[in-house]
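*Asks:* Single-letter residue listing:
2 protein chains.
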Amino acid sequence: MTEWGAGGWIAANASYEAGGQQLPDVVNAACSFIFAAHNYSASVYPMLTRGAAHLITEFGSEELKTNYVPKMFAGQWQGTMALTEPQAGSSLADITTHAEPTGKNYYKLRGQKIFISAGDHDGVDNIVHLMLARIKGAPDGVKGISLFVVPKNRVQEDGSLVFNDVNTAGVYHKMGYKGCPITQLSLGEEGDCRGYLVGEPNKGLFYMFQMMNEARVEVGIGAASIASAAYYASLEYAEERPQGRNLASKDPRQAPVMIIEHPDVKRMLLFQRAVVEGALSLLLQCAQYADLKKVAEPAEREKFSGLLDLLTPVAKSYPSEMGIMSVSQGLQILGGYGYCDEFPLEQHYRDIRIHPIHEGTTGIQGLDLLGRKVVINGGQNLIFYQGEVQKVIDACSQHSELEPYAQKLSDIIADLISLTRHLVLIKDRPEYFLADATLYLELFGIIAVAWQWLQQGLEAWKALKADPNKSDAQFYEGKIVTMKYFFHYELPKTKGLFERLQERDGLTVKIGQAVFMD
Amino acid sequence: MTEWGAGGWIAANASYEAGGQQLPDVVNAACSFIFAAHNYSASVYPMLTRGAAHLITEFGSEELKTNYVPKMFAGQWQGTMALTEPQAGSSLADITTHAEPTGKNYYKLRGQKIFISAGDHDGVDNIVHLMLARIKGAPDGVKGISLFVVPKNRVQEDGSLVFNDVNTAGVYHKMGYKGCPITQLSLGEEGDCRGYLVGEPNKGLFYMFQMMNEARVEVGIGAASIASAAYYASLEYAEERPQGRNLASKDPRQAPVMIIEHPDVKRMLLFQRAVVEGALSLLLQCAQYADLKKVAEPAEREKFSGLLDLLTPVAKSYPSEMGIMSVSQGLQILGGYGYCDEFPLEQHYRDIRIHPIHEGTTGIQGLDLLGRKVVINGGQNLIFYQGEVQKVIDACSQHSELEPYAQKLSDIIADLISLTRHLVLIKDRPEYFLADATLYLELFGIIAVAWQWLQQGLEAWKALKADPNKSDAQFYEGKIVTMKYFFHYELPKTKGLFERLQERDGLTVKIGQAVFMD
Chain A
134 MTEWGAGGWI AANASYEAGG QQLPDVVNAA CSFIFAAHNY SASVYPMLTR
184 GAAHLITEFG SEELKTNYVP KMFAGQWQGT MALTEPQAGS SLADITTHAE
234 PTGKNYYKLR GQKIFISAGD HDGVDNIVHL MLARIKGAPD GVKGISLFVV
284 PKNRVQEDGS LVFNDVNTAG VYHKMGYKGC PITQLSLGEE GDCRGYLVGE
334 PNKGLFYMFQ MMNEARVEVG IGAASIASAA YYASLEYAEE RPQGRNLASK
384 DPRQAPVMII EHPDVKRMLL FQRAVVEGAL SLLLQCAQYA DLKKVAEPAE
434 REKFSGLLDL LTPVAKSYPS EMGIMSVSQG LQILGGYGYC DEFPLEQHYR
484 DIRIHPIHEG TTGIQGLDLL GRKVVINGGQ NLIFYQGEVQ KVIDACSQHS
534 ELEPYAQKLS DIIADLISLT RHLVLIKDRP EYFLADATLY LELFGIIAVA
584 WQWLQQGLEA WKALKADPNK SDAQFYEGKI VTMKYFFHYE LPKTKGLFER
634 LQERDGLTVK IGQAVFMD
Chain B
134 MTEWGAGGWI AANASYEAGG QQLPDVVNAA CSFIFAAHNY SASVYPMLTR
184 GAAHLITEFG SEELKTNYVP KMFAGQWQGT MALTEPQAGS SLADITTHAE
234 PTGKNYYKLR GQKIFISAGD HDGVDNIVHL MLARIKGAPD GVKGISLFVV
284 PKNRVQEDGS LVFNDVNTAG VYHKMGYKGC PITQLSLGEE GDCRGYLVGE
334 PNKGLFYMFQ MMNEARVEVG IGAASIASAA YYASLEYAEE RPQGRNLASK
384 DPRQAPVMII EHPDVKRMLL FQRAVVEGAL SLLLQCAQYA DLKKVAEPAE
434 REKFSGLLDL LTPVAKSYPS EMGIMSVSQG LQILGGYGYC DEFPLEQHYR
484 DIRIHPIHEG TTGIQGLDLL GRKVVINGGQ NLIFYQGEVQ KVIDACSQHS
534 ELEPYAQKLS DIIADLISLT RHLVLIKDRP EYFLADATLY LELFGIIAVA
584 WQWLQQGLEA WKALKADPNK SDAQFYEGKI VTMKYFFHYE LPKTKGLFER
634 LQERDGLTVK IGQAVFMD
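Chains A and B are the protein sequences, given in the same order.
134 is the number of the first residue of the first sequence in the working numbering; add one for each residue after it.
134 is the number of the first residue of the second sequence in the working numbering; add one for each residue after it.
There's no promise every hint is true.
Because identical chains share one entry, a pair is satisfied inside a single copy or across any pair of copies.
[What the hints assert, rightly or not] Here are the simulated BS3-like pairs of lysine-lysine, each with C-alpha atoms no more than 25 angstroms apart in a straight line:
(1) K603 / K643
(2) K237 / K269
(3) K383 / K336
(4) K524 / K643
(5) K383 / K276
(6) K626 / K541
(7) K524 / K541
(8) K269 / K383
(9) K643 / K598
(10) K603 / K617
(11) K336 / K626
It is worth saying that the hints were derived from the structure and are not from the lab.
If we strip away everything but chain A, and leave its shape as in the complex, we get (with noise of 0.2 angstroms):
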């Protein structure tokens, strides 16, 4: 962690005054996915660390971002976010951690947390946690979350640290990310854990929010991390494998082929390319809506920021759900060896499996973008997105070898949008309405990722007109084969997605319990 803090990793894109470098999100979250790549476990703890930094920075007193900011961004203290309970894991409005006032400026507080990344280690100091909780006689539900920071060492008046009464409990053995500890914590079992507010009271989910939001977007690139390492590691071992013949001519006299000559192999390496460069492609974007929210003109800014907010639940869950399904090919081109711990598929298996889980389930996200985020302002963001997606189109209709591209992600945008008015009549009878959110939310990451993909079909096509050099062009000519792939093999599975979302018939929300009993 100290490593990170000193490199500046930590603080890069904080302002200049809060002590960052201001560098562009979409810079660093190309920074973050390379890190990822290399360890995702050990990348996590700056993660959280920049993410909680920054929530004290934007809404903290003075008090707070003095004692605590400059530690957290020179990596000699952990951040954390400290959400779940044992009751309460999807559900934060059940949220019971206790926080009494005191008349001074901190609170006491009681409860327990589970599954908290990075909840505490030998690596640090100190660990912040950036934790919800709810004052007395505070309103039911989310409307009585307050957000506090609590440190497992307070900073006294003349600076030194005491023990802060949170306790860990636990630590959980996970199936992998193991090189991050999630633990368990107990606060306030002698009576002495104090927080301290940050804000005002019950607007603690909506502080919270700006955290998650950013650490959905970094579960996203997590995802598409851990994919791109399995990714190079099959590519790697297919280029090397001899195995097998040449299915047109099977004499074996001759030598055997290295795998990646054949048709099935370099299918399921498109496969895990179009995911991986798809997803880091519809991240990035993410992270360039986020800058252009920041620096756009103010009448632009509701623009990029209803962007980022319509593709959030998608940018954590398309890298997430289909990293594990790439993962899972990079595994079986290895064979046998794919499901022993010689190679690293095994490990990148059982780490990418946390990402559809973490910082909102695959299912909560569905939720959020059908039943949120498509639907407010009248359905302002999907326009905005519809206009985004048309730029592209229109871009590429003058190139014949794109345009038959264009028109099907045209035609398939006019589908999505049809699709939703459809969805959205509807809407007045929410479970029938959410029944397969989820579904929607997998059609919608489809065809946002053969958007990047036509963009980048676009520029590859561009730089192909330009005349590169030998090693270039076998990159753009590899980006155009791998669009194509993407068109050709996965635009399709929206077929079915789109038969079964325009049936609506409450399948699942009219059957009781009974069914599953046997």
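Starting from the known structure of chain A, fit chain B onto it as the hints suggest.
*Replies:* Here is chain B on its own, set in the frame of chain A:
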């Protein structure tokens, strides 16, 4: 193992003459399913022993039968299948393990075998490898492979055992399926490894395919059984875990509901059940064909044999591939707990990942289905299959509730046949013909399981008309709902596969390795 043997389970489906109970395969398969659902690793020991013993019984000499089979059926000795070598996994043509004739009743073997399941352990007194090797001077490729019994300890004339120079060179460290050791074997390090020829020279692969075909169906059973255990574990959790509220009334003062009440959770449970019980049904159908093949009138045997041949790659792959997805959804239902070892899901997730790999990868099954099983005898197997499916469609067409589903299946079978005809036209360009064989297998699998669900729906519908008691009625209604789930959520996935398979553009054939350079 001795418990399995003493209970009669290893020999259960062998003939009376061979020391078995002549249990029908369909009953035996159901028993295998139950054992494997309890502990997949444990179920592999008797399964392999049974397959190896059957092979000796069917093709071995009297001496081999007398010396080895009784101990194997008794569970005192372990059986294995020893095919794979470091340079020969999917490509058995490249086996180099060497068998030197001695002029006596044995050959001297030298070579390396890898990934040998249950290849050495302390639970038995001896290990009997059914091993592929190449007799000195044999033809190249698969036509020069012979089958040998190669025991770890060989039986001497006086019945005593002596070490046979079969050395365990290593044990693989696998991601899951850890209850069964997968070993590397080194044969003849001291020049004293004796192998006993089974049947005739150079016919080894033909003999071995009997065991492999049995083992492929067993792999399907193993996958379905793990997915079944995962289904029941996640169902139990969903019934007991309170979280969130009905989307129509999110009042935080109401008590949370059990998560099984959320439509998205019901959808995930239905998916699991549809995969598990659909896969099991297909596997039992195969086992029934195996029975009928033995007892049917000679004129009908060809039909049942052809159906079993055709469906074996499907019955191996669908449970394996979809079982992974199904376990993954089960894990997802548990959220963060699903990723931790306090609950069984994370183990199921690791365990089931072996199934698309061993006994022929999914890619190999795709080539087997489209490149061999569908095309041999002028496509006769597919005609038999179409007849079987039509029988169920016809039986449903009088029942108004089932008729629309029967119609869907009828349409899709017609599409499958016409797609197959379309593909077979390019059979003389095998790389183009087989480029998407894996996708064809996936398509074939979804349709085959839809057939099985319609059959289950029909039986449930009949049973409901017969005024069952309340608990039986619940069971049958659950079957009908799951059938509907399959037709509304799973069958539409064929749409995208049909679209891609009709394109036939050879995208993955034409590209070279350079596409992947960047």
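*Asks:* Can you tell me if K237 and K269 fall within 25 angstroms by alpha carbon in one copy, between copies, both or neither?
*Replies:* within (15 angstroms within a copy, 90 angstroms between copies)
*Asks:* Indicate which option fits the pair K269, K383 if close means a Cα-Cα distance not exceeding 25 angstroms: within, between, both or neither.
*Replies:* Answer is between: at 22 angstroms across copies they meet the 25 angstroms cutoff, but 76 angstroms inside does not.
*Asks:* Could you place K336 and K626 in one of the four classes (within, between, both, neither) given a Cα distance threshold of 25 angstroms?
*Replies:* Classified as neither; 41 angstroms inside a copy, 44 angstroms across copies.
*Asks:* Treating 25 angstroms as the Cα threshold, decide for K603 and K617: within, between, both or neither.
*Replies:* Answer is within; shortest intra-copy Cα gap is 21 angstroms, inter-copy 54 angstroms.
*Asks:* 25 angstroms Cα cut-off: does K383 pair with K336 within a copy, between copies, both or neither?
*Replies:* Classified as between; 19 angstroms across copies, 69 angstroms inside a copy.
*Asks:* Is it within a copy, between copies, both, or neither that the alpha carbon of K524 lies no farther than 25 angstroms from that of K541?
*Replies:* The answer is within: 14 angstroms in one copy meets 25 angstroms, while 39 angstroms across copies does not.
*Asks:* As a check of your reading, is K626 near K541 (CA-CA no more than 25 angstroms) within one copy, between copies, both or neither?
*Replies:* For K626 and K541, both the intra-copy (13 angstroms) and inter-copy (19 angstroms) Cα distances are at most 25 angstroms.
*Asks:* Taking 25 angstroms as the upper bound on the Cα-Cα distance, should K383 and K276 be classified as within, between, both, or neither?
*Replies:* Cα proximity of K383 and K276: across copies only (13 angstroms, versus 69 angstroms in one copy).
*Asks:* 25 angstroms Cα cut-off: does K524 pair with K643 within a copy, between copies, both or neither?
*Replies:* Classified as neither; 42 angstroms inside a copy, 31 angstroms across copies.
*Asks:* When no copy is specified for K643 and K598, does a C-alpha distance of 25 angstroms or less occur within a copy, between copies, both, or neither?
*Replies:* between (57 angstroms within a copy, 22 angstroms between copies)
*Asks:* With identical chains treated as interchangeable, where does the CA-CA distance between K603 and K643 reach 25 angstroms or less: within a copy, between copies, both, or neither?
*Replies:* Between. Shortest inter-copy distance 19 angstroms satisfies the 25 angstroms Cα cut-off; intra-copy 60 angstroms does not.
When the structure is compared with the earlier hints, violations turn up for hints 4, 11 and for no others.
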